[in-house]
Each structure stands twice: as structure tokens, then as C-alpha cells.
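Engineer: Here's the letter readout for the chains.
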Amino acid sequence: DAMVIQNPRYQVTQFGKPVTLSCSQTLNHNVMYWYQQKSSQAPKLLFHYYDKDFNNEADTPDNFQSRRPNTSFCFLDIRSPGLGDAAMYLCATGQGYTQYFGPGTRLLVL
Amino acid sequence: KQEVTQIPAALSVPEGENLVLNCSFTDSAIYNLQWFRQDPGKGLTSLLLIQSSQREQTSGRLNASLDKSSGRSTLYIAASQPGDSATYLCAVRGEKSSGDKLTFGTGTRLAVRP
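Going down the list, the sequences are from chains A and B.
Per the numbering used here, the very first residue in the first sequence carries number 1; after that it's consecutive.
Per the numbering used here, the very first residue in the second sequence carries number 1; after that it's consecutive.
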């Protein structure tokens, strides 16, 4: 009965090799978010979608892109991962005043 | 720019103790405040949400209070248990935010000793 699903849970990539993280939801929420959380730091919002309307945070690096082909799915693309991009990536959906988070994908960059 | 601070950064208590976690925010123009729990290597679980017009919310052994004018919130955990060990994060949503944007604190890492 998982509501926000993230795959894979762990992802290892090489420096500079493009990687895609995926998120899906069964809640049919209009809003979806991607957060980056580095060790012992607060989650940092990268961007969010309201339906198909894409909203990028001002300080999100160009290296990060996102796609939302339909209501259920949202993807995070890192075009050229650097060592500093190693982090937990959290996907969330929003309805009303509450956000619902997935289990996260931990990205390791070698 | 909204900043959220949580004190202490880490806390270790014996089982059964009552404890208080603190959260402060710099811009009092918030829409609501939310407390989350995060287990190691996992996502976030919402514990309590307080609207700006409310003073407190309760769920089981958890009680969250909000003093919007002073920019403070507390999370009170009664009769702590080892299963409460986790990182607790608070997050605020600004009045003028679009898309339900949350600003998070860095969390308090709680360890409850058996």
C-alpha cells in the first residue's frame, strides 16, 4: 500500500555519467517535489510540479533536470553527476497542507 | 529568507523520560508548521501539522506547540521509548509561498536508551 514509491532505493553512478531517479505515486496528487538531503543537513527543495507546471528553485544547478510525463510519475535527471551530488534524494507529493514523502534514493558517485 | 533552527542537534535520554525538542524560525509569516520523523536512511514521516491559527496539536504521546509571534515551536514526547529513536525535523510553510514550499531545519537526532 505504498503511496510514494522511489526507485531505486540505492543508486551508484560514476562521475560524469548521467543518472535518472524515479518517483511514482498512487495518491493522484497534483503537486510533486524533489528534495536533496546531504548528510546531517536539512532537505533542500530542488523543484516542484503543480500538475505539468514546472517550478525550479533559483539555486538549483542546471545539472539537475526533471520530467513529469503524467500525474503518477516524476523523474530526476542528473546530467553529469559530481562527487558533491552524492546525497539522499527525496520525492514528495502534496495535497492541501500536507506533503507525503517517499523512502528516498541514496545516490553514491564514484 | 526564512531560516529554521533546531536545538539541540542531538539528544540522548533514558527510556521513560519526557523530553522537549525545539524549533525556531526567523520569519513569523508562516502558514503552518510541520514536524517529521526520519529514520536512518529513510524518507520522512509526518507526525503533526499545526496551522498558524492553532496553538498546539496532539497525537498519542506527541504534543506540538506553536508560538507564531515569537517564531518558536516545541515537540513534546512523553514517556519516551527506544522506538522513538530517530531524527526529528520541523518545517515551515510561508504565507506567501507558492506550491506549498517547506523550509526545513537540520533536525534533532534523538537516541532513547533502554
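In case anyone wonders, no lab produced these hints; they're calculated from the structure.
Warning: the hint list may mix true and false statements.
Claimed, not checked - Calculated cross-link-like contacts (lysine-lysine; reagent style DSBU-like; alpha-carbon spacing at most 30 Å):
| no. | chain 1 | residue 1 | chain 2 | residue 2 |
| --- | --- | --- | --- | --- |
| 1 | A | Lys17 | A | Lys44 |
| 2 | B | Lys42 | B | Lys1 |
| 3 | A | Lys52 | A | Lys38 |
| 4 | B | Lys101 | A | Lys52 |
| 5 | A | Lys52 | A | Lys17 |
| 6 | A | Lys44 | B | Lys1 |
| 7 | A | Lys38 | B | Lys42 |
| 8 | B | Lys101 | B | Lys42 |
| 9 | A | Lys52 | B | Lys1 |
| 10 | B | Lys68 | B | Lys101 |
| 11 | B | Lys1 | A | Lys38 |
| 12 | A | Lys52 | B | Lys42 |
| 13 | B | Lys68 | A | Lys17 |
| 14 | A | Lys17 | B | Lys1 |
| 15 | A | Lys52 | B | Lys68 |
| 16 | A | Lys44 | B | Lys68 |
| 17 | B | Lys101 | A | Lys44 |
| 18 | B | Lys68 | A | Lys38 |
Engineer: Indicate, hint by hint, whether the structure satisfies it.
Structural biologist: Do the hints match the structure? See the list:
Of the supplied pair hints, the one linking Lys17 (chain A) and Lys44 (chain A) holds, its CA atoms being roughly 23 Å apart against a limit of 30 Å. Pair hint Lys42 (chain B) plus Lys1 (chain B) holds up; C-alpha atoms about 28 Å apart against a cutoff of 30 Å. A threshold of 30 Å between alpha carbons decides the hint, and for Lys52 (chain A) with Lys38 (chain A) the separation of about 27 Å falls inside it, so the pair holds. For the proposed pair Lys101 (chain B) and Lys52 (chain A), the alpha carbon gap of about 17 Å is at most 30 Å, so the pair holds.
Taking the CA atoms of Lys52 (chain A) and Lys17 (chain A), the gap is near 27 Å; set against the 30 Å cutoff, the hint holds. About 14 Å separates the Cα atoms of Lys44 (chain A) and Lys1 (chain B), which keeps this hinted pair within 30 Å; it holds. Restraint check: the Cα-Cα separation between Lys38 (chain A) and Lys42 (chain B) comes to about 13 Å, which is no more than 30 Å; the hinted pair holds. Among the hinted pairs, Lys101 (chain B) with Lys42 (chain B) is consistent with the structure: their alpha-carbon atoms are about 21 Å apart, no more than 30 Å.
A hinted pair counts as satisfied when its Cα atoms are at most 30 Å apart, and Lys52 (chain A) with Lys1 (chain B) qualifies at roughly 27 Å. At roughly 18 Å between alpha-carbon atoms, Lys68 (chain B) and Lys101 (chain B) fall within 30 Å of each other, so this suggested pair holds. For the suggested pair Lys1 (chain B) and Lys38 (chain A), the alpha carbons sit about 21 Å apart, so the restraint of at most 30 Å is met. Restraint check: the Cα-Cα separation between Lys52 (chain A) and Lys42 (chain B) comes to about 27 Å, which is no more than 30 Å; the hinted pair holds.
With a CA separation close to 46 Å, the supplied pair Lys68 (chain B) and Lys17 (chain A) exceeds the 30 Å bound. With a C-alpha separation of about 34 Å, the suggested pairing of Lys17 (chain A) with Lys1 (chain B) is violated against the 30 Å cut-off. Taking the CA atoms of Lys52 (chain A) and Lys68 (chain B), the gap is near 34 Å; set against the 30 Å cutoff, the hint is violated. Using a Cα cut-off of 30 Å, the hinted pair Lys44 (chain A) and Lys68 (chain B) holds, with the two alpha carbons roughly 23 Å apart.
Of the pairs offered as hints, the one joining Lys101 (chain B) and Lys44 (chain A) holds, with about 10 Å between alpha carbons and a cut-off of 30 Å not exceeded. For a cut-off of 30 Å, the pair hint linking Lys68 (chain B) to Lys38 (chain A) stands: about 29 Å separates their Cα positions.
Hints 13, 14 and 15 from the earlier list are contradicted by this structure; the remaining hints agree with it.
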